[in-house]
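Residue numbers (this note's numbering), protein chains in the order written: chain A, 1 to 68; chain B, 69 to 278.
These aren't lab readings, by the way, just hints derived from the structure by calculation.
Be aware that one or more of the hints could be misleading.
[To be verified] Selected chain A positions facing chain B (Cβ under 7 Å, derived; list incomplete): (1) Ala4; (2) Glu8; (3) Ser14; (4) Gly15; (5) Ile19; (6) Leu22; (7) Glu25; (8) Val27.
Idealized CB from N, CA, C, for every residue including glycine.
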Amino acid sequence: MLSANPFERRLQFSGILLILGLFVEAVCLFWTRPIAFVLFLCVGGLLLALGILLFLFSLVGSHTPPAS
Amino acid sequence: MALTSSLLLLLITASAVLIAVLVFRPDLTASQGGKILAFFVLFLLPLICLAMGTNYHIERSKQTQFCLSCHEMEPYGKSLMVDDPAHLAAAHFQNHRVPADAACFTCHTTYAMFGDIRAKMHGLRHVYVHYLRTPPAPEDIRLYDPFNNRECLHCHLGARSFEEGAVHTADPALLPAVKANKLSCLSSGCHEVVHNVGTLKDAKFWKGAP
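Chain A on its own, in the form it takes in the complex (with noise of 0.2 Å):
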């Protein structure tokens, strides 16, 4: 299922990151707890910009060869 692409792979690993942050938002917007804001930032905030900073990474990263 990964790319064998690194830019493509980066962005893969980015996306779930971002999935994975998002359910955690979407199950803590249920929960109606004072844990679930601590839940909401440390959980859900951290994997969120986790994946927003590895795609940045990503474009940072990435070799494009100059156009002749």
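Starting from the known structure of chain A, fit chain B onto it as the hints suggest.
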């Protein structure tokens, strides 16, 4: 809140579906359109979801039922229903002098710069104590700082009943001292019955509006 949560859930679901498309078909990003799509789906949409989610949770944490969801706070919720106008918190709650759905937050936030953030940091500490330490008995819970008159004056300042009340104007030095926070509204013998959770077992309770 229900509409906001539905919209947020819709946005989260749509974002997750679009992200899943890119996870299963990363080759889509080879084209320029695919790269733009990736930027929206892997950067902008999650950021929007995170910002909206944070705002939603912060707004929800202002609700009375949120504060009372911890069992340590149950007696404080009960004290809002005491059938006695001398009970300050109960009189405010029952007469809607504070919004009934944000009663705790209205009085216990700090009406100053970063007051909301300070209240949230205190809330995080409460969660920590609740789960990882031994929470104090409800009657032993104390405020971090003495209650500042600023929180009362946020609503009462300029109100006729406050400015021209017979007791308030009997001594000309009283109101300036209250406004300067030199004389506490609560602990100077005037409005000192607030929650008094230690004496609730003898109290009579209002059943609520029919």
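Here is what the structure says about each hint:
no.: 1; hint: Ala4; in the structure: violated, 10 Å
no.: 2; hint: Glu8; in the structure: holds, 4 Å
no.: 3; hint: Ser14; in the structure: holds, 6 Å
no.: 4; hint: Gly15; in the structure: holds, 4 Å
no.: 5; hint: Ile19; in the structure: holds, 5 Å
no.: 6; hint: Leu22; in the structure: holds, 5 Å
no.: 7; hint: Glu25; in the structure: holds, 5 Å
no.: 8; hint: Val27; in the structure: violated, 10 Å
Taken one by one, the earlier hints fail for this structure at numbers 1 and 8, listed in ascending order.
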